[in-house]
Amino acid sequence: MRSRIRFDIWDRDKNKRGSAMSPDRLSLFSLFLALAVITPAAAEPPSYSKQVRPFFSRYCLECHNAKEGEGGLNLESYAALLEGGKKGPVLVAGKADDSSIVGMVEGKVKPFMPPKKASRRPTAEEAAVLRAWINAGAKDDGGTTVVVLPEIKPRVMVAAPVAALAYRPDGKLLAASGWREVELIDPNTGDVVGKLPGQTGDVTALAFSRDGLQLAVASGSPGTTGEVRLYKTAAGALPAGSPAQTIAAHKDVILDVAFSPDGKALATCGYDRLIKLWNTETGQLLRELKDHSDAVYAVTFSPDGALLASGSADRAVKVWQVADGKRLYTLSDSTDWVYSVAWSPDGRRLAAGGVDKSLRVWEVSAQGGRLVNSVFAHEGSVIRVAWSADGKTLYSVSEDRVAKAWDAGRMVERIVYAKQPEAPLALAVRPDQKQLAVGRYDGVLVLLDEATGKTQSQPLPAKPKPPVLNKATPASAVRGQTVRIKLEGQNLDGATEATTNLPGVKAVIAAGGAPSAIDVDVAIAADAAPGQCQLTVKTPAGASVPFSFIVDRFNPIIEVEPNDSPRTGQKISLPATVIGAAGRAGDVDYYRFEAKAGQEVGVQLLTAAIGSKLEPILELTDPDDRVVAESAKGLLGYTCPVAGVYAVGVHDRDYRGDGSMFYRLNIGNIPVVTGVFPLGVQRGADADIQVEGVHLGPMRTVHIKTPAAAALGSRLPVPLTTPNGPPLGDLSVLVGEFPEATPAAGVVELPVPSTANGRIDKPGATTTYRFKAKKGQTLFLEINARRLGSPLDSTIEILDAAGMPLPRATLRCLSKTYIMFRDHDSAGAGIRIENWNDLAVNDYLLVGEELMRINQLPKNPDDDCQFFARDGQRLGYLGTTPTHHPLGEVMYKVALHPPGAQFAPNGLPVVTLYYRNDDGGPGFGKDSRLVFDAPADGDYQVRVGDSRGQGGPLYAYRLTIRSPRPSFNVSFSPTAPTVTKGGAVPMTATADRIDDYEGPIEVHLDNLPPGFNAPPTTIPAGENSTVFAVYAEPTATVPPGAAPLKLTAHATINGQDVAREAAGALPKVTEPGDIVTTTEQSEVTVAPGGDVRVTATVQRRNGFAGRIPLEVLGLPHGVRVLDVGLNGILITEKETTRTFVIHAEPWVEPMTHPFVVAAKQEGKNVEFAA
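Counting from 1, position 144 in the sequence shown corresponds to residue 480 in the working numbering; the numbering is continuous, with no gaps.
Mixed in with the good hints there might be a few duds.
What the hints assert, rightly or not - Derived DSBU-like pairs (lysine-lysine); straight-line CA-CA distance at most 30 Å:
1) K770 x K799
2) K740 x K799
3) K386 x K446
4) K1110 x K1041
5) K587 x K600
6) K842 x K807
7) K531 x K874
8) K740 x K693
9) K508 x K770
10) K1382 x K755
11) K1496 x K1382
12) K790 x K508
13) K1317 x K1404
14) K662 x K587
15) K907 x K969
16) K799 x K822
17) K475 x K444
18) K1317 x K1382
19) K770 x K1317
Treat the hints as calculated values from the structure; they're not laboratory data.
Computed from a prediction, not measured in an experiment: that's the story for all the values here.
Could you build all of it, start to finish, from the sequences and the hints given here?
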């Protein structure tokens, strides 16, 4: 890009600093002229350029110029001299005595030149030069004068001013002026997507034709040239690189161009005071419009193409008839130069602005114009005006550096945009009226959001683009090698550095390179971790987005189908890296290999680490095709007990398959940790950790000491090195709190509290521990195994002193119903039931071996019955585990009774529940958990096993027995709510209840800024969340330095006040949205078992006319909305109110509790609360 130097110009006519648009401006980049005059060798007559023209300038031009032309005589140029004055020619070549101009200068013919009163008069010698020149033939030797304009290089490089802008009519391309080129910009991204180089000097004007298929570019140099290049553009494409026409339109700078609506004509104007119309197809001049007496700054066609308006430094706006070039009339209301004119889209109004700082709007037609609006618009000259596509808004930009949007009907400011840091030169409005483009003198182009004025992007000056990597060849390499990789992409020239993210992998840029490709030498250490290596290339413009390069463990081979079973799997030799993919749904790939007895095999599957979407399952089969090892973690370690052919199988967890399910499978001497024992160590204690796995070397026991300051529940690494490098897998232990025991044999007695480390060392085995408890004592018994990486799917059960199962409750079945519509999984809270006439909220239902509890009854026959759940997991009560339930399974409503209770037969079962658990519920996964309430003083036993009957050296666990420590934590969402002025939004407070604390929790929101408020509320006993509203008054603000929101919670636990806090962020306040929600009542009262009616009202704003769903949030358990249909509570398009009924169950305790009525705006996911 060619940079320019800015100069201030003294305007001699106005005795003030002139703008860069002044018609008598000098060539800004020239400080002096070097004149080289070519003179014939022989004696010559007087020179017109050297002697006669300076003579006229000194004595005659004051009266005889293009503006005044006394007597019709203009002596500014040789051509004008030959034209003569009103009485005819004043010069006869070769005959000075017959030339009246000689007689007037010599004082022999009236009128005398200069007049006798003139302060300066020529001498007889000077007059003789004129006589001699005419007698010699009066020739113009101006063509022999060569003006050399030296290039002055700026000391500080600056961007070329952005003086012209034009949006393509589809709004998808923006053309911007530069130095000798046009920048083509994507307005959505702000990216420069193309350029039109080869322009002549400054680009001064741009215009697209109405159909977007032509682009006119005006460029030139002051006082020298003014050219127009016409570029053809295919629909939606960039303009062609070469112009279809190049028109030498003017002999001075062109100041504006405009296409006729049909695109067949182009109007140009400039400093030479002329307006010209050109045939865009042939480039031929159609007609020339002359009437302005000073530079013409702007031209615009009427929408029907019949009229043309122009604005000039002669302070006039003129309206012309296009067909014949006739000037129809002049609008002379402006008091200073006119810089810009714009015709409204309906063709009825014409707007103009200029040096007098005002905007004027006329009603115009072919018959005349009438001024309808004139406003003092800016504190500086108005540079550009533009209409919106709908004609409702007029935009202006000024030398005061401010752009404005005006209500065109009333001519009042609608938006005043933020002041620009430098003088604007150009303004354009995207046709959809969602973006403004402002070009500035400092070379900056900013794209603004029309509604807010926020900067969307700054395309110019174009910033150097950072490098982009698209391809690496080769795309992988094996550890221990150095390879040269060809990186392909964009903007790679000038690359200075290449880096990687993997230890042991180094990259160095090789010599040479091009913008689209460079070579990089990558050295990979023998112990580098295999997987995805991220390569990054840096240039002075920045760093590339990391590009993936694969480091393989072994020499790779390609998967070969068919390989869908252990018997037909692809035969490979170890070690190997296999490049494969689950290419179709249901695809399972097997790879067969020979193994010796006692051979250790390590398997590593890379998926997510190389960008794959495969969620892998690995399995290993023995020579009899039995699965002997399985993993969902991408790692397997196995010691083959017998020689034979083994196979590794790979498939997706859900048996998906497509091109994104690729993988790299490494099989061989890979060190893999398959387990440790014990799984944890008490904080501050020593322990010997046994490490299980393959290719780990001789050291399989590691002694560690747990720091006394280690965080409870943290993981402590176990240091282990192997001959084959760092081992893969989880090599760490849990930091525990309580004293620990590791059973050797028999039944071990556990104190309370304590943790036992054990394992189910063979299939079908169990381990039993003894503990003491007092009547009424509550103890928690918890297994931690699967959460620590053990394959154990634990079960625990409590036995009496004699080793018999201990009853927990007796369930008497009272009625039954059935599961309907579909099968139901073990997690979902909703289950479709056949009927619920005998059911109520809080009833218990026994389904198979799962005891569940009703949270909400169905709202209609097509609704599910909702059961209590937490964190997306249905809750099982009294230690039961949620399971899958098929369609048609019987569901019993049950009453809970103490163990051993007797009942009269009612035709339905009586079921005894024992202290037994499989899965411990939310947060425990496959690990078990029991809450034991001791029925009597004495000894009890706890038995641990695997629910599937599996076992082995890896099936380790930690059993903790302890007293409960009830507590809670809180959180809230959203943490940074956006509230409309005068409105409200719902906020959810959530409790994480610890150790079965089920009491009420009081919450309130603190640090609310001025004008915000929120009611205190309660998370009711037994519930995990509640909803309340955050309100903002119409005057609400968020002052600088405001403290972030904070939720404070209090609960009374065991007689002690327990407080918790949750930190948020700052709220935001915005203007009212499309919906304002209110309720007729500020509070309602409902009796247990009773109903109350509530009416919600919405106010529609901003033209919103859609339907509005309502939702009632934050009601306490047992309080619900009745008669909600399939569409919920709905305010239709033609309504503004809706009344609904709130019902309280008979057992609901008295309370005061806020709730929220939220209106939703469909499609925007926005809620407006009351």
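Could you tell me which of the numbered hints above are not met by this structure, giving the numbers in increasing order?
Hints 4 and 10 are the ones this structure does not satisfy, whereas the remaining hints hold.
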